[in-house]
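S.K.: Work out the full structure: start from the sequences and follow the hints.
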Amino acid sequence: MKLIIAIIEPQELAPIREALMEHKIYKFTVGNVLGQGLDLSKHEVYRGVSYDIKLLKKLRLEIAVNEEYVSHVVDAICDVARDAPKEAGRGKIFILPIEECVRIRTGETGAVAIG
Amino acid sequence: MKLIIAIIEPQELAPIREALMEHKIYKFTVGNVLGQGLDLSKHEVYRGVSYDIKLLKKLRLEIAVNEEYVSHVVDAICDVARDAPKEAGRGKIFILPIEECVRIRTGETGAVAIG
Amino acid sequence: MKLIIAIIEPQELAPIREALMEHKIYKFTVGNVLGQGLDLSKHEVYRGVSYDIKLLKKLRLEIAVNEEYVSHVVDAICDVARDAPKEAGRGKIFILPIEECVRIRTGETGAVAIG
Amino acid sequence: MIGSKYILFCSILFVLAITGWTNTVLAQDEISAATAVFAVNNLWLMIAAALVFIMHLGFAMLETGLTRAKNSVNILFKNVMIICIGVLTYAAFGFNLMYPGDFNGFFGFAGFGITPGEDGLTSAYNPGYTYWTDFLFQAMFAATAATIVSGAVAERIKLGSFLLFAIIFVGISYPITGSWQWGGGWLSEMRFYDFAGSTLVHAVGGWGALICVMLLGPRIGRFTKSGARPIPGHSMPLATVGVFLLWLGWFGFNGGSVLSADPGAVSLVLVTTSIAAAAGGVGAALVASLRLGKPDLSMALNGILAGLVGITAGADQMTVLDASSIGLISGAIVVFSVLMFDKLKLDDPVGAISVHLVCGIWGTLAVGLFGAKAGLEQLSYQAAGAIAIGIFTALFALIAFGLIKLIFGVRVSMEEETEGLDIGEHAMEAYPAFQTLISEQ
Amino acid sequence: MIGSKYILFCSILFVLAITGWTNTVLAQDEISAATAVFAVNNLWLMIAAALVFIMHLGFAMLETGLTRAKNSVNILFKNVMIICIGVLTYAAFGFNLMYPGDFNGFFGFAGFGITPGEDGLTSAYNPGYTYWTDFLFQAMFAATAATIVSGAVAERIKLGSFLLFAIIFVGISYPITGSWQWGGGWLSEMRFYDFAGSTLVHAVGGWGALICVMLLGPRIGRFTKSGARPIPGHSMPLATVGVFLLWLGWFGFNGGSVLSADPGAVSLVLVTTSIAAAAGGVGAALVASLRLGKPDLSMALNGILAGLVGITAGADQMTVLDASSIGLISGAIVVFSVLMFDKLKLDDPVGAISVHLVCGIWGTLAVGLFGAKAGLEQLSYQAAGAIAIGIFTALFALIAFGLIKLIFGVRVSMEEETEGLDIGEHAMEAYPAFQTLISEQ
Amino acid sequence: MIGSKYILFCSILFVLAITGWTNTVLAQDEISAATAVFAVNNLWLMIAAALVFIMHLGFAMLETGLTRAKNSVNILFKNVMIICIGVLTYAAFGFNLMYPGDFNGFFGFAGFGITPGEDGLTSAYNPGYTYWTDFLFQAMFAATAATIVSGAVAERIKLGSFLLFAIIFVGISYPITGSWQWGGGWLSEMRFYDFAGSTLVHAVGGWGALICVMLLGPRIGRFTKSGARPIPGHSMPLATVGVFLLWLGWFGFNGGSVLSADPGAVSLVLVTTSIAAAAGGVGAALVASLRLGKPDLSMALNGILAGLVGITAGADQMTVLDASSIGLISGAIVVFSVLMFDKLKLDDPVGAISVHLVCGIWGTLAVGLFGAKAGLEQLSYQAAGAIAIGIFTALFALIAFGLIKLIFGVRVSMEEETEGLDIGEHAMEAYPAFQTLISEQ
Ligand SMILES: Nc1ncnc2c1ncn2[C@@H]1O[C@H](COP(=O)(O)OP(=O)(O)O)[C@@H](O)[C@H]1O
Ligand SMILES: Nc1ncnc2c1ncn2[C@@H]1O[C@H](COP(=O)(O)OP(=O)(O)O)[C@@H](O)[C@H]1O
Ligand SMILES: Nc1ncnc2c1ncn2[C@@H]1O[C@H](COP(=O)(O)OP(=O)(O)O)[C@@H](O)[C@H]1O
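Protein chains in written order, with my numbering: chain A, 1 to 115; chain B, 116 to 230; chain C, 231 to 345; chain D, 346 to 786; chain E, 787 to 1227; chain F, 1228 to 1668.
These are calculated hints, taken from the structure and not from any lab test. Given the structure is predicted, the values throughout are model-derived calculations rather than measurements. Check the hints yourself; a few may be wrong.
[Stated by the list, open to error] Listed next, the in silico DSS-like pairs over lysine-lysine satisfying Cα-Cα at most 25 Å (straight line): (1) A:2 with B:169; (2) F:1452 with A:42; (3) A:27 with B:157; (4) A:2 with B:157; (5) E:1011 with E:1131; (6) A:2 with C:232; (7) B:142 with C:272; (8) B:139 with B:117; (9) A:42 with C:257; (10) C:284 with C:272; (11) D:688 with C:272; (12) E:1011 with B:169.
M.R.: See the structure below:
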């Protein structure tokens, strides 16, 4: 079992979600984060002074899957990004090992619990 | 050392917190997330059109503990859930390995630093 | 590759960010969390009744790095904290193994993708 | 002194009025002057009605600001409906219950609907306003009584049950007690004095609130074994908007209650009203700072309202010094009262009972303690009036809300309360775009 | 009945006015009375102008509340600019287009700029107001027409193109159709009746909105294959503030349209206005509850506005019962209309077309169905007027907005729309401090 | 032209007033007319006072919106207290310092407290208002001076020190300079002209703000080595509400300063006021767009206020064209001024110094450049007055705030500033329910 953490652009959530569904991956968790990366910071202007916002709004996806699905998830996410212009700041995917997974409702554990 | 990530229903935070305290687990971190799972999406109505909200509000708990406490945490969380009706969407627990832990204040590391 | 998760005090983000930059670590992700730890809870007063806020506002940093940078990151964070008074509640660092890392934009993987 | 000038002014108006308008063509000189004075008076009363209207926005904002985000749609909806239903109910029967004309002094009813009589649009109806203006001003007043209840029962009451109670309360209870004094009933004959309604409006609303809160019980988690636990309101800016608008509206509430634009009387009332409001704010802020260590904004806001409610019964009878004293004391009272209701485990999210009931009674008594009417005799009338109206209103509310509780239930389910009434009653969120914090800690 | 008294009142004023002011020193008795009446009338009109001004804040809040946080700066900016540009444009040429004096009944222009004639500041100009008051009241009206459009096109229109359209619309289209009736043109001769502008202001704004929405297309994601998908507004408290302020402002909008402070006429108008608003709110809430299962706050709010727009054409002609019927029907209409426009895939974020166009037409026709003027003949005039003005305005908007679309484009880019117009057009956020939720689900 | 009519109107009133009210019974015809005119005038002044009152809500919202969420309770509390304390202080001694009756032209004091003299409630006191109305209108004015300071020093000043300064400033400094002109002192004899207070209110508040900002220093992080770093305000909707309410309030501020309801004079003033506001908004938006590339909402809002402050000194002296020019220039000035103060490292979160001081001086000078009084001589009086009052106020503020700084300190601790004054000074949050973003980047 792996935990896939993906930092993505906010507007890509909708297409990624669809791509995941096509790969029969229905469960995930998403949160708001700010990220600093390679991407150019944004300019905003306030009362005549423009300034850089260096921490940009990103989404952080968490998808726990069994081994065999890892590549599907990675592909789904990268495919969506591929359609869009190749600017910096498109995000990262980190894959971490999960030792155990529990479905709270039933107490089931392991591979069956994840989906 | 393990990192226990639990996605729970917002209203279960209070009882879970108490259950953890009873098991002498005092430290944890919690954040807002949205989750998509098995649970039926919610209906909301706006200006006469009802629509589904597919990403539901959940909380994400992070509890780092030494090995021996893992089962306590899992039990504490599952027990609370058990008292409530068995609907879908009660959430998941993921257990990940931690390689090292540092208490920022003192620089202590390892098992002593975690609590 | 390691994922460094640091729970820090909100006002320490700015100096930590600078310290990281000095160590040539430019990329990280940060989110809002609430934490319960050793630190005294805060008192707020509302309509004449004072009450404790036990979940305090913290920030959660995620920094993925290659092995050799781990100690830099830990040092950078701990150094900043060192300058400040030694009160409880300064936070924790957890280090987790990353099995794989993907740069979404290019599909690159592994050590090169992380930075 | 003012009183006599005011009476003089009114009697002149009345003389002019009678000789006036109707035989316009005959005596043009006199008439036009009377016409002008009537137009000024009526204009002021219309504007006063608009100002009292804006109090409803004030209440809506105050109540929304002092409660949780998850119940905001519900509170806004209640406040919007109260003014709508209030105006319609008052037109349908409330007005004619409150002003039944000649009656036995306890209960009278002049029939359904509103129509001006023959002279309804001239100064023969009243030297200060037309029939329509009269209705509008009174209707805006009436709806405030229900709004007061709305804040106290927020965050846990069933929408339907509340609206039902509001209709009965605005439509029947408020007009009946109102008729005792403003309708020319037995209290007014007894020489009870309540200039703009410390008792007739505010304490009446407050009694309704108290009874409902008692029958309803506190919000989940409000009182624990270890004592009261505050449930902070979600927006201090909204609460502040509410109080500023209420102060503004009170210019119409008290100023309009002069029932003419008489320069001396109205301007005095506006000054006493503002002085009392200011003193109430300062009083509450000071007491809160001393007693609780920190200057609490929500207490200062309640203090302003307390001062306003406190001066309402005698706004035309007080000197500036009287007004400051009444306001200052109101401000102090409200802080202690809020703490007391916490002790009594009566959960009033916005402090409505402290502001409107406690300070309403205080303001009523203050007419016997300060100002032109001060004296033991007057004080006894004031007490008698406050008690009589209190008993009637509390009983009425007890029976009405009790029956509603029996028949329909008054409280939303625990799940709904936890999740928020916005989703439960309206399937809608007030702030769908904002991340709200974990509220239950 | 009221009508005749009103006419009497006005003619007295006029007689007094003519004999009045100018030869002040000669005949002091008469004069001073006329002076006073003129001052009261003018005072009311000035206050009415201030109340109509506050409607612009109401619109700004309503539109902001019912749209997304990421477009708030843009909507606020548009509303701020509309009132600024509106007042200036109306001074530059709008006023003299709308009130050209003697003209052919279709189009006239009295020249650029505004200057009071010799008698402009006395009752010889008008027994109800000075030239300046006249301008101010009318200017505040004019700007509302553009504001109505602003809400319907929110969240996707280019700022520059919108402002250009607003200038042309307020400066040219609105005054021309306005001159047909209020300027003394052909419609007024035909005996079309539109007391305060159900057609002349609201339907005109609504037609503009409809055409723009058609040329602009819906917001991204608003209509999917599976049907309409709502895009919830981000702040119900702001939307509620907006509606309360609009109701308040309508006291000036309708009450000021009496064009004097005549006690009977103005107070009647305020009562019918409030009754219709209240009935509209109740009507919409009921219909929404029955039809959709839940009492929808945003529908109740729209219902109040619908009632207000519905009564506007005949506010001085209705009894209380008429007003409640008109309001109730308006409230029902608005709910079905919102659902209908959803079916038609016309995306109107705030319901402006349903409120102002649909209920504006309904209100205009209602003058032929209810109240003192009811009758088939009048109904036909009403229909004719509504149609004539509709055709002109729709065509004008089509050409103007069509040309702007061709030349400058009217729609922001897809990226900008997704990211929000605040960043795109203003490089600024409305709420930089708050965490907003993931909106695109 | 207007001036003369106005004087005629006033003298008639005065004659009527003297012959009027007191001997009512004898000469009923004349009297009643005088009564009516007096009632209208007084009514307008009371309403104007209410409108100026609402400016305090406007300021509260503007200041809250343009600062950070973590300091909102503090700013709201300051604004609530300023109006409360301001009214009380002005009653206690401010009013009698500002209007000492006959005095040496520099300093006079008519004693503590307020009581109307024998004629205080009749037109014998003043043909335009009663003593009470006079007090109320003036008290609302006075408090604005302190509110102006409040915005400039936001987000870092100690609550207690600020309130102390506000009391001294409203109670002593403002009335003294006020007495020089409006109290009939040396400036008024010199023929300095300041219709409604570009200098007497706005520049005075602005000088106070400037001195305090200089003694207080900028907010942490506002100026870095690489230049000014903006600290965005947390709510543009609140800021917009604030500006709309301020514009509304200015109808009373300027319109009420006619000191009667004279139709011509008041309506002209309302028109020039609105035109200048509109032109100011457009001017600032244009300049900001050209200079900075994007139409900045906060600049447009400041521009409206700049236009309003700019027209205030000569609102009754200008033509529509003059008013637009003054407004447009004010709008341009305010943008450059905000940028300039950024260069000077003077940190003014809401732009109060640019709006009130810079445009206050500009407006004062504009009386010598535009309109009926334009001329070199008048210009020199204007400059002299602006300088004299500036020197006095700046010195007063320097000494008062300097002493407070020495004795109590004026700045909160670094920790408190970082964490927010809401927690530090009030142990309370403005928005406890919402997730705020990481602000320090
Ligand atoms: N090593 C890292 N650790 C944590 N977060 C990262 C890391 N690298 C990237 N991120 C996150 O991903 C976002 C985009 O990264 P960036 O490197 O700019 O993208 P790209 O690789 O397309 O240039 C960043 O804003 C940050 O939130
Ligand atoms: N595989 C997963 N990866 C990430 N998050 C998950 C996963 N499975 C469940 N979740 C989270 O847990 C929540 C509840 O999951 P769900 O499967 O609906 O619960 P249940 O197992 O009780 O049916 C989801 O909304 C989601 O946030
Ligand atoms: N074991 C843990 N698991 C998860 N979060 C933790 C853990 N320990 C500490 N934290 C987080 O770190 C914050 C500070 O921890 P605390 O123990 O109070 O600091 P200190 O070690 O300096 O006393 C907590 O509020 C919590 O968010």
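S.K.: Are the hints correct? Go through all of them and say.
M.R.: The hints, checked one at a time:
Between residue 2 (chain A) and residue 169 (chain B) the CA atoms are separated by roughly 24 Å; this keeps the pair inside 25 Å, and the hint holds. For a cut-off of 25 Å, the pair hint linking residue 1452 (chain F) to residue 42 (chain A) stands: about 20 Å separates their Cα positions. Between residue 27 (chain A) and residue 157 (chain B) the CA atoms are separated by roughly 16 Å; this keeps the pair inside 25 Å, and the hint holds. A hinted pair counts as satisfied when its Cα atoms are at most 25 Å apart, and residue 2 (chain A) with residue 157 (chain B) does not qualify at roughly 29 Å.
For a cut-off of 25 Å, the pair hint linking residue 1011 (chain E) to residue 1131 (chain E) stands: about 11 Å separates their Cα positions. Under the criterion of a C-alpha separation no larger than 25 Å, the hint pairing residue 2 (chain A) with residue 232 (chain C) is consistent with the structure, at around 15 Å. The hinted pair formed by residue 142 (chain B) and residue 272 (chain C) meets the criterion: a straight-line CA distance of about 16 Å does not exceed 25 Å. The hinted pair formed by residue 139 (chain B) and residue 117 (chain B) meets the criterion: a straight-line CA distance of about 16 Å does not exceed 25 Å.
Simply put, residue 42 (chain A) and residue 257 (chain C) have alpha-carbon atoms about 16 Å apart, close enough for the 25 Å limit, and the pair holds. Only pairs whose Cα atoms come within 25 Å are accepted, and residue 284 (chain C) paired with residue 272 (chain C) is accepted, the gap being roughly 7 Å. About 23 Å separates the Cα atoms of residue 688 (chain D) and residue 272 (chain C), which keeps this hinted pair within 25 Å; it holds. At most 25 Å may separate the alpha-carbon atoms for a hinted pair to count; residue 1011 (chain E) and residue 169 (chain B) meet this at roughly 17 Å.
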